[in-house]
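Enquirer: Sequence:
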Amino acid sequence: EQPPVMWVVLSEAVLHQEVGGREVMREQLAHLLSLQKRQWLEIQILPFTAGAHTGLMGSFTILRFDKDPDLIYTEDFVQGHMTANPEAVKEGSVRYDHLQAAALSVNESAALIARVMEERYGDQPDGRNLA
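Here the sequence shown stands for residues 5 to 135, numbered as in the numbering used here.
Please note that the accuracy of each hint is not assured.
Stated by the list, open to error - With a Cα cut of at most 20 Å, we get these calculated EDC-like pairs of lysine to aspartate or glutamate: (1) Lys71 - Glu112; (2) Lys41 - Glu31; (3) Lys94 - Glu122; (4) Lys94 - Glu79; (5) Lys41 - Glu5; (6) Lys71 - Glu46; (7) Lys94 - Glu123; (8) Lys41 - Glu95; (9) Lys41 - Glu91; (10) Lys94 - Glu112.
As the list claims (entries may be wrong) - For each label pair, taking beta carbons as the anchor points, the in silico distance ranges come out as: (11) Val18 - Lys71: 28 to 36 Å; (12) Val9 - Ser63: 28 to 36 Å; (13) Ser63 - Ala118: 36 to 44 Å; (14) Phe81 - Ala105: 23 to 31 Å; (15) Gly24 - Glu91: 16 to 24 Å; (16) Arg26 - Ala105: 20 to 28 Å; (17) Glu31 - Gly55: 28 to 36 Å; (18) Val110 - Gln6: 15 to 23 Å; (19) Asp101 - Leu45: 17 to 25 Å; (20) Lys71 - Leu45: 34 to 42 Å; (21) Ala88 - Gly126: 40 to 48 Å; (22) His20 - Trp44: 35 to 43 Å; (23) Gly24 - Pro90: 17 to 25 Å.
By construction, these hints were calculated from the structure, which means they are not laboratory data. From the three backbone atoms N, C-alpha and C, an ideal C-beta is built for every residue, glycine too.
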């Protein structure tokens, strides 16, 4: 059985916000690059140069189904909310379309991930390279 198709738009900030240390970040970015080889997954990076964008209003996930109603899931720091309300799903879809249009292409995104991984997390404090 084929896995579900997944399109992801990530802020460039996630590449730079060091969580867990340099080695962990390098491994995480390498993992993102390895995932980009999967045909069912597309990862795009929304660059800092995109400026203000609809993603700043909060994270959301759109779930599309062949035989069931589409859903949108939103969350904040207190709770999450899922709805099949057609207007909410439509609004989320438009927001996502805007994010995707402002994001780098899949290939440009992979190049940025690789560059940040090497430039920001390539060498350890003891001078050894993690590559």
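Enquirer: Hints first: check each against the structure and report whether it holds.
Expert: These are the hints, each one checked on the structure:
A threshold of 20 Å between alpha carbons decides the hint, and for Lys71 with Glu112 the separation of about 34 Å lies outside it, so the pair is violated. At roughly 16 Å between alpha-carbon atoms, Lys41 and Glu31 fall within 20 Å of each other, so this suggested pair holds. Our distance criterion of 20 Å between C-alpha atoms is broken by Lys94 and Glu122, whose separation comes to about 39 Å. Between Lys94 and Glu79, the direct Cα distance comes to roughly 17 Å. Compliance with the 20 Å bound is thereby established for this hinted pair.
This hinted pair checks out: Lys41 and Glu5 have alpha carbons roughly 18 Å apart, not beyond 20 Å. Of the supplied pair hints, the one linking Lys71 and Glu46 is violated, its CA atoms being roughly 23 Å apart against a limit of 20 Å. At most 20 Å may separate the alpha-carbon atoms for a hinted pair to count; Lys94 and Glu123 exceed this at roughly 39 Å. Between Lys41 and Glu95 the CA atoms are separated by roughly 30 Å; this puts the pair beyond 20 Å, and the hint is violated.
A C-alpha spacing of about 34 Å is found between Lys41 and Glu91, which places the hinted pair above 20 Å, so the restraint is violated. Pair hint Lys94 plus Glu112 does not hold up; C-alpha atoms about 28 Å apart against a cutoff of 20 Å. For the hinted restraint 28 to 36 Å between Val18 and Lys71, the CB-CB distance of approximately 33 Å keeps it satisfied. For Val9 and Ser63, the hinted distance range of 28 to 36 Å is not satisfied, since their beta carbons lie about 19 Å from each other.
Checked against the given bound of 36 to 44 Å, the beta carbons of Ser63 and Ala118, roughly 25 Å apart, lie outside it. Under the hint 23 to 31 Å, the C-beta atoms of Phe81 and Ala105, about 28 Å apart, fit the expected range. For the hinted restraint 16 to 24 Å between Gly24 and Glu91, the CB-CB distance of approximately 39 Å leaves it violated. Look at Arg26 against Ala105: about 33 Å separates their beta carbons, and that is not inside 20 to 28 Å.
Under the hint 28 to 36 Å, the C-beta atoms of Glu31 and Gly55, about 30 Å apart, fit the expected range. Roughly 19 Å separates the CB atoms of Val110 and Gln6, a value that falls within the hinted 15 to 23 Å. Here the CB-CB span from Asp101 to Leu45 is close to 19 Å, well matched to the stated 17 to 25 Å. Evaluation of the 34 to 42 Å hint for Lys71 and Leu45 yields a failure: the beta carbon distance comes to about 22 Å.
Our hint of 40 to 48 Å for Ala88 and Gly126 holds, since their Cβ atoms are close to 45 Å apart. Look at His20 against Trp44: about 27 Å separates their beta carbons, and that is not inside 35 to 43 Å. Look at Gly24 against Pro90: about 40 Å separates their beta carbons, and that is not inside 17 to 25 Å.
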